[in-house]
Amino acid sequence: MTLDLSGKQYAGVDYDEKERLFEEVKKDFRFEQYLYGCYECGICVAACPSARFYDFSPRKIAQSVAREDVDLFYVFLNDSVWDCSQCFSCDVCPRKNSPGGLITLMREVAVNNGLASAQEALEGYGRVVYKIMATGTQVAPDMLQANAFPDWGPHVKDIAENLEAWRRALPPETMHTTEASWQVDEKTITELYLIWHMTGVMDMIKEVDEGLFMILQDVMEEKLEDAGYDVSFD
Amino acid sequence: MIPHAAILNKAKDRKFEADPDQAPTEDYHDIVNQLEKEGEWEVHRVPEPYVEVKNKYGRTKKIPVEQTWHHKSCGQCGHIPGYSTSIFWINRKLGLDYHDPTDQTSCTAWNYYASATSNAAAQAAVAMRNFAAAHETGYYPIIHCATSFGHYKETRQQLIHHPELRRQVRAILAKLGKKLIMPEEIVHYSEWVHAVRDRIAERQVHDMSGIRATVHPACHYHKLIGEDAVYAPEVYGAQRSAIITSTLQALGIEVGDYSTWADCCGFGFRHILVSRDFSRSFAVQRKIEVMKEEVDPDILITHDTGCVTTLDQSQFAAKAHDRNVGLAVMSDSQLCALAMGAHPYKVLQLHWHSTDSRPFLEKLGVDHQKAFAEFEQAVEELKSGKKEYMTWEDADG
Ligand code: SF4
Ligand code: SF4
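Here the protein sequences come in this chain order: A and B. Just so we're aligned, residue 1 is where the first sequence starts under this note's numbering, counting upward by one. Just so we're aligned, residue 235 is where the second sequence starts under this note's numbering, counting upward by one.
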């Protein structure tokens with residue numbers, strides 16, 4: 001799909017609102033190490049996997065931010081940042097920029113502000129976020145279901161059908177689990193939930209997926225209460 | 235057309251000796267130690283015995299040999315469990331003391347790079363909680379996933395440069411009853427494999443001299459905070475990171491070069507889960523097909539959760555489009571375990587892979603039919619209740 005850089009699609013959004021989000025990106029403490037300016041040389045584009053298959057350019061993103069082109073920044077914030085592979089091949093930048101790091105910051109701002117484009121990008125992703133936040137491991141064995149990965153081959157069905165026995169057929173005793181990738185201590189999970197609580201990560205989830213927030217809130221508050229913590233995510 | 239072969243052959247003749255005095259970055263060792271002197275954190279020192287290697291800028295990096303705390307990978311343990319199993323199996327066969335912890339969470343970076351539903355303080359707190367947990371056991375952290383490795387390097391850099399972040403994370407850890415502990419080195423398991431490759435080769439039971447392989451290095455290993463990556467003059471003339479290639483060469487394997495060596499695999503973090511058309515296209519067109527056309531290898535060896543997943547699982551659907559695919563994919567740990575005589579299904583767990591490694595096993599003289607029958611027999615014993623789990627002893631039986 002061709003990216004519309006005219007900004008017409010966002011003509012109805014107040015400039016002040018776009019600028020507010022732009023300033024939020026610049027305010028992040030990592031910003032000064034991710035963008036020093038831009039030679040507009042395109043070396044990052046040459047290294048970029050996403051640029052080969054999408055109408056996507058780390059050069060244009062870095063350039064728009066370095067030039068403080070707020071309208072263009074807003075287009076990228078909504079229509080481009082989710083195409084990035086976060087591989088950091090663009091760290092070869094001769095200006096010592098990290099366009100991939102800049103994109104991480106832009107995504108975070110998009111999520112924090114509950115932008116519709118971020119919600120759309122994260123549709124279908126709730127189960128993964130649930131796994132990582134609730135169990136402490138992300139791509140659990142029980143996620144390998146034939147209907148979820150039909151393009152990976154028939155072995156996925158074999159794994160799903162034999163999952164429980166095949167997990168017990170793993171010699172490391174920490175790996176007999178099916179719902180998490182390995183056995184994580186209860187105390188460790190409690191500590192993870194306290195980290196989410198103290199760093200405001202649940203507020204971010206609330207912005208993009210209210211339903212997921214409520215499920216996680218129930219799971220976490222209950223476990224924390226059992227462990228003797230009086231913690232509320234509201 | 236670009237004469238790739240001529241350029242690559244020329245590059246092979248060049249030897250590059252990195253001079254630490256000319257390094258373009260400050261030495262993280264100095265700052266990590268300085269911050270310890272200032273009481274900002276405690277440094278977890280690499281235990282002896284260690285192997286000294288050189289990083290990208292010619293600075294010395296210590297790689298622990300044993301007393302290692304294995305920071306596992308959710309994608310490896312969850313979907314490619316023979317990957318981690320092989321790492322542990324090699325440690326056991328070499329008689330090295332290690333710890334496989336349950337007081338460990340994922341680094342959570344796969345999710346962070348996919349969805350951005352986290353922030354710098356949370357990511358740093360997760361990292362430092364794991365490092366503190368390792369320190370409490372007396373074992374030294376060794377990282378299985380290149381993304382965890384890359385993300386922890388990023389975290390170290392942020393903590394080094396931002397006192398406010400240090401204060402915030404120290405306060406969070408204090409509430410968990412933990413201290414702020416920074417490892418002297420952030421070590422990837424492939425570096426450990428590199429460091430012990432001669433010991434592995436000494437125990438090699440399969441001749442691999444007739445094998446040709448290609449290598450894919452993980453972006454988060456050598457591009458994201460690239461300084462920590464290991465380089466060696468005898469491998470690619472220190473023009474590229476040495477790990478994997480050095481190991482394959484120690485096993486007598488011919489490593490074939492190809493023009494998109496430095497390209498990503500196409501994993502994309504969110505793409506591999508919700509936009510797989512991209513991952514598949516990239517993996518097939520920019521990696522697998524190029525390797526097959528330029529090298530035609532027997533096997534592709536890589537070393538990361540995302541890279542093994544993408545390069546292995548992306549080939550099945552491409553077959554329907556008559557693409558030039560069909561290249562078996564394994565991690566360096568699986569290949570080393572196999573070289574040392576590990577069981578292809580009980581240890582390497584190749585039935586979790588999509589690509590067909592049987593032709594490769596046949597070339598090595600491994601009877602895969604017999605091996606799979608043995609595995610199925612073991613699974614039957616588990617299903618019937620005769621045994622509860624497959625033990626390490628069973629895996630060698
Ligand atoms: S971000 Fe860096 S590599 Fe990309 S165009 Fe700008 S200066 Fe060049
Ligand atoms: S991090 Fe994003 S912008 Fe940078 S090279 Fe990778 S895909 Fe391209």
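Derived from the structure by calculation, the hints contain no laboratory data. Honestly, I wouldn't trust all of these hints.
SDA-like mimics (lysine to any residue), calculated; alpha carbons at most 25 Å apart, straight line [said to hold, decoys possible]:
no., chain 1, residue 1, chain 2, residue 2
1, A, Lys18, A, Ser117
2, A, Lys96, B, Leu328
3, A, Lys157, B, Ser618
4, B, Lys271, B, Glu398
5, B, Lys413, A, Ile189
6, B, Lys526, A, Lys18
To spell it out: a stretch of chain A is covered by chain B in this simulated footprint if at least three of its residues, at any positions, have a beta carbon under 8 Å from a beta carbon of chain B; those stretches are [claimed, not checked]:
no., region
7, 12 to 21
8, 49 to 58
Small disclaimer: the values here were computed from a predicted structure and weren't measured. Note that beta-carbon positions come from the ideal geometry of N, C-alpha and C, so glycine has one too.
Hint check results:
1. A:Lys18 / A:Ser117: holds (14 Å)
2. A:Lys96 / B:Leu328: Given that 25 Å is the threshold and the Cα spacing comes to 42 Å, the pair is violated.
3. A:Lys157 / B:Ser618: Holds. A:Lys157 to B:Ser618 sits at ~21 Å (cutoff 25 Å).
4. B:Lys271 / B:Glu398: holds (18 Å)
5. B:Lys413 / A:Ile189: holds (18 Å)
6. B:Lys526 / A:Lys18: It is violated: about 47 Å lies between the C-alpha atoms, which goes past 25 Å.
7. 12 to 21: violated (count 0)
8. 49 to 58: holds (count 5)
When the structure is compared with the earlier hints, violations turn up for hints 2, 6 and 7 and for no others.
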